[in-house]
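A.B. asks: Sequences and hints are given; from them, build the entire structure.
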Amino acid sequence: MSAKIRKPVMPTQERMYDIVRHPIITEKSTNASEHGQVFFEVPLNASKPEIKAAIENLFSVKVTAVNTSVLKGKTKRFRQQLGRRVDRKKAMVTLAEGSNIDVTTGI
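Taking the numbering used here, I'd label the letters of the sequence shown as residues 3 to 109.
Just so you know, not all the hints are guaranteed correct.
EDC-like, lysine to aspartate or glutamate: derived pairs with alpha carbons at most 16 Å apart [unchecked claim]:
#1 K92 <-> D20
#2 K91 <-> E52
#3 K54 <-> E43
#4 K92 <-> E16
#5 K54 <-> D20
#6 K74 <-> E43
#7 K91 <-> D20
#8 K76 <-> D89
#9 K91 <-> E43
Hints are computed from structural coordinates only; laboratory data are not their basis.
C.D. replies: Listed below in structure tokens is the structure:
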């Protein structure tokens, strides 16, 4: 059996803006930004190659790695009703040496 050759994923311009929802600014992400990592919230159906292509094209930087984690929503109670918070996906993007994205401007 031969291995499949995959074409590089290039999302459309609209999809790129949909993929990068907003940066996640926490104490942990601020410390990681010193080491060239930036955190973004992305849709649950976004793949790592799509996230990489979107970040590189929107911010004009070189991405070396993309790690993702799915944060499951908690079950919460409101009066006698049980509810569930939405699931979220977080992308930890490692930038190449010399590249940076300043996500704290405008805060």
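A.B. asks: For each hint, tell me whether it holds in the structure or not.
C.D. replies: We went through each hint and held it up to the structure:
no.: 1; hint: K92 <-> D20; result: holds, 14 Å
no.: 2; hint: K91 <-> E52; result: holds, 14 Å
no.: 3; hint: K54 <-> E43; result: holds, 13 Å
no.: 4; hint: K92 <-> E16; result: violated, 20 Å
no.: 5; hint: K54 <-> D20; result: holds, 13 Å
no.: 6; hint: K74 <-> E43; result: holds, 13 Å
no.: 7; hint: K91 <-> D20; result: holds, 13 Å
no.: 8; hint: K76 <-> D89; result: holds, 8 Å
no.: 9; hint: K91 <-> E43; result: holds, 6 Å
Of the numbered hints stated above, the single one contradicted by the structure is hint 4.
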